[in-house]
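Novice: What follows is the residue order along each chain.
There are 2 protein chains.
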Amino acid sequence: MIEVNPSFLQLPGGYLFPEVARRVEAFLADRPGERLIRLGIGDVTRPLAPCVVEAMEAACREMGRKETFRGYCEEANGSYGFLRAAIAASYREEGIAVAEDEIFVSDGSKSDCANLGELFAPEAVVAVCDPVYPVYVDSSAIAGRAGRYDPATGRWDRLVYLPCTRETGFLPRPPRARADLIYLCSPNNPTGAAADLELLRAWVDYANGQGSVLLFDGAYEAFVTSPGVPRSIYAVPGAEACAIELRSFSKSAGFTGVRCSYLVVPRALKRGGVSLNALWARRQSTKFNGVAYIVQRGAEAALSPRGRRETGEAVAYYRRNAQILRAGLAGAGFIVHGGVDAPYLWVETPPELDSWGFFDWLLRRSGVVCTPGVGFGPAGEGYVRLAAFGDAEAAEEAVGRIRQALL
Amino acid sequence: MIEVNPSFLQLPGGYLFPEVARRVEAFLADRPGERLIRLGIGDVTRPLAPCVVEAMEAACREMGRKETFRGYCEEANGSYGFLRAAIAASYREEGIAVAEDEIFVSDGSKSDCANLGELFAPEAVVAVCDPVYPVYVDSSAIAGRAGRYDPATGRWDRLVYLPCTRETGFLPRPPRARADLIYLCSPNNPTGAAADLELLRAWVDYANGQGSVLLFDGAYEAFVTSPGVPRSIYAVPGAEACAIELRSFSKSAGFTGVRCSYLVVPRALKRGGVSLNALWARRQSTKFNGVAYIVQRGAEAALSPRGRRETGEAVAYYRRNAQILRAGLAGAGFIVHGGVDAPYLWVETPPELDSWGFFDWLLRRSGVVCTPGVGFGPAGEGYVRLAAFGDAEAAEEAVGRIRQALL
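First to last, the sequence lines map onto chains A and B. Here our numbering is used: the first sequence runs in plain steps of one and ends on residue 458. Here our numbering is used: the second sequence runs in plain steps of one and ends on residue 458.
These aren't lab readings, by the way, just hints derived from the structure by calculation. If you're wondering where the values come from, they're calculated on a predicted model, not measured in any experiment. Check the hints yourself; a few may be wrong.
One copy or any two copies: either way a pair holds, since identical chains are not told apart in the list.
[Unchecked claim] Quick list of in silico lysine to aspartate or glutamate cross-link-like pairs, EDC-like style, CA-CA up to 20 angstroms:
{"no.": "1", "residue 1": "K321", "residue 2": "E54"}
{"no.": "2", "residue 1": "K321", "residue 2": "E169"}
{"no.": "3", "residue 1": "K321", "residue 2": "D256"}
{"no.": "4", "residue 1": "K117", "residue 2": "E444"}
{"no.": "5", "residue 1": "K117", "residue 2": "D442"}
Given these sequences and hints, build the entire structure.
Specialist: See below:
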């Protein structure tokens with residue numbers, strides 16, 4: 052009899068968002084017709100940029116003519132040269148040199164950050180933030196790297212947890228403990244904080260000192276505006292010897308339903324004399340067949356000057372929402388973090404309420420759906436996350452409703 | 052210092068198709084301008100069906116309007132209900148009952164067949180055909196299930212090899228040895244043979260008897276025409292308790308550059324009391340974010356009555372190519388297998404030539420590119436694979452050139 056992967060059986064059943072959905076449903080069963088304002092899930096709502104739609108429509112038509120039809124993407128790294136060239140050019144504009152053969156295109160950062168674990172020995176010690184984007188933890192658990200789960204503490208016994216609390220500025224600091232594979236995310240999901248150059252330098256020093264590898268998830272880099280906040284880990288000299296950077300079109304160009312991301316594995320990144328770039332190329336050519344031609348043309352268009360302008364409008368729109376929520380909630384007396392260089396606000400719960408308590412309060416008193424911070428990890432207790440991806444009118448109304456509820 | 056996954060380091064360097072490409076390049080360097088007929092790689096060449104292009108263009112436009120924009124696919128199993136319903140309906144037409152929540156949509160069968168291994172314990176014994184589609188072997192090796200590779204024999208010491216030779220009808224028979232996870236492919240790549248009901252029943256009996264799991268790769272099911280050759284493993288009663296079936300739009304609808312596949316994990320399939328359907332749902336929700344909305348609309352269109360008609364024309368076109376090649380080569384004195392219910396022909400090499408020798412002969416004497424059978428495994432020695440995915444004129448010309456070369 053074949054045995055199932057025992058690591059799967061340890062995964063705690065209730066994922067965060069299903070529980071949120073359950074409570075919302077129960078609420079709506081009580082009060083049918085109530086109009087909710089959903090600031091919970093981090094999904095975009097603005098339509099695709101016109102130039103992206105045009106490029107993808109044109110690519111569809113190309114696929115319908117024999118002369119211009121494309122089959123398997125036989126080019127390197129799951130992608131066509133035109134897209135890798137556009138990505139390399141966008142890095143150059145940031146002052147960062149990335150070669151085209153260091154770029155790998157994929158269907159999403161979620162897949163990438165989960166799959167990258169395959170490159171390393173099963174014994175690798177994984178470090179994650181607390182609170183954290185759950186995919187880093189769950190995929191490490193599936194790979195058998197998390198150890199045993201303790202439902203009482205909500206922690207796995209083989210993971211190194213990096214607290215992201217008020218004391219640490221809601222960002223992770225290098226630990227005393229040894230960690231081999233470190234998931235960093237800046238601007239951070241869920242805390243909305245963004246690392247400065249000094250903090251990134253501390254991480255690069257740590258990783259190069261220990262021989263660790265940093266997986267730098269830059270899914271929200273398009274939201275950075277503050278001076279001194281780098282959008283890329285490669286702004287730190289030496290990062291090319293220790294860091295893999297993931298980026299996505301999901302939030303920068305509204306591609307959550309289109310599916311395109313990329314990552315950089317520098318040629319300088321070697322461990323035990325082995326090139327991780329070559330290893331990832333082998334992994335991808337064995338287990339992945341590249342991204343749809345149509346989607347790659349859409350991504351290319353998003354990186355064009357016109358695409359930057361058009362997608363930039365949506366990002367600016369979400370940023371204004373974050374400002375509305377931030378100012379409105381602060382004005383109502385809440386302590387609000389994040390929301391400056393990130394689409395997420397990390398709001399302290401009132402002293403008498405925990406994360407789920409404040410979630411219920413917001414839902415029942417104002418019809419606003421948030422995400423309880425504790426759902427992202429034990430250190431998220433005492434916070435809720437608000438996402439700025441909705442309509443501007445909804446953000447205004449949410450603030451008004453919450454102020455009303457406080458009266 | 053983090054260690055890399057040691058299983059990666061054992062993967063033999065030279066993948067088959069790069070070596071084919073190298074020899075072709077060397078040939079063209081000698082004879083610049085020579086017009087080659089490429090019957091090597093199994094990639095489609097006919098354009099997408101008009102109804103698929105129209106559906107995808109319409110979906111692009113929907114994504115460009117706020118009212119119809121779609122973000123993350125929040126529906127079940129990486130896909131929208133409309134596509135799962137269309138897939139379930141197409142199974143019903145075959146007389147097979149598959150529930151919508153047993154269907155999972157993904158970006159390709161290559162990803163799926165490689166990722167499915169994650170559901171099982173690391174100790175699971177994997178069985179593969181010899182010759183074989185290399186992804187089954189390489190992904191098992193990356194997962195640490197293949198053991199040690201012996202370059203002298205071209206075999207891994209922990210895999211169970213299922214010979215697909217003239218003696219076995221170029222299809223695998225259940226082994227005496229224990230095998231937990233068995234990769235079956237029918238119609239077969241590379242041999243072009245297709246299993247009848249009796250052989251599939253033998254496999255279902257074996258798997259249910261041993262508690263094994265069959266991964267049934269039906270990527271080429273659209274090519275089946277012979278009576279008595281089932282397109283689905285679920286034609287065998289009891290298969291729902293032991294088999295996962297993979298299907299793809301790549302060859303049936305020309306989606307190699309569009310990327311869409313699906314698989315069925317029956318609810319009845321449990322091991323150690325654990326539902327593999329629930330396990331795969333958890334795997335996919337953790338490590339995958341679904342297939343592009345645009346692509347899912349294209350796949351839905353391919354399954355519509357009009358889509359069946361239009362995509363059926365391309366399949367019929369390739370099937371005619373296979374007949375041209377089959378009849379032509381047999382008429383020239385070669386012994387040809389496959390090519391009836393599959394787009395692949397499995398041609399015996401002349402007695403004095405091995406696989407690579409016949410590859411070189413075909414290339415140098417007729418400008419025809421094939422794939423050496425030994426590249427798919429030791430038991431492929433003495434054969435080459437021809438693919439029928441090119442132009443009809445090219446198939447005719449290939450036959451003519453080979454006949455000429457024999458003179």
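Novice: Now look at each hint and say whether the structure bears it out.
Specialist: A quick look at each hint next to the structure:
With identical chains, the CA atoms of K321 and E54 are at most 20 angstroms apart between copies only, with a shortest distance of 10 angstroms across copies and 35 angstroms within one. Taking the closest pair of Cα atoms, K321 and E169 come within 20 angstroms of each other only inside a single copy of the chain (15 angstroms); across copies the shortest separation is 26 angstroms, beyond that limit. Within a single copy, K321 and D256 get their C-alpha atoms as close as 16 angstroms, which meets the 20 angstroms cut-off; across copies the closest is 48 angstroms, which misses it. When the C-alpha separation of K117 and E444 is checked against a cutoff of 20 angstroms, the pair qualifies only between copies, where the shortest distance is 14 angstroms, while the shortest distance within a copy is 47 angstroms.
In this assembly of identical chains, the alpha carbons of K117 and D442 lie at most 20 angstroms apart only when taken from different copies (11 angstroms versus 42 angstroms within one copy).
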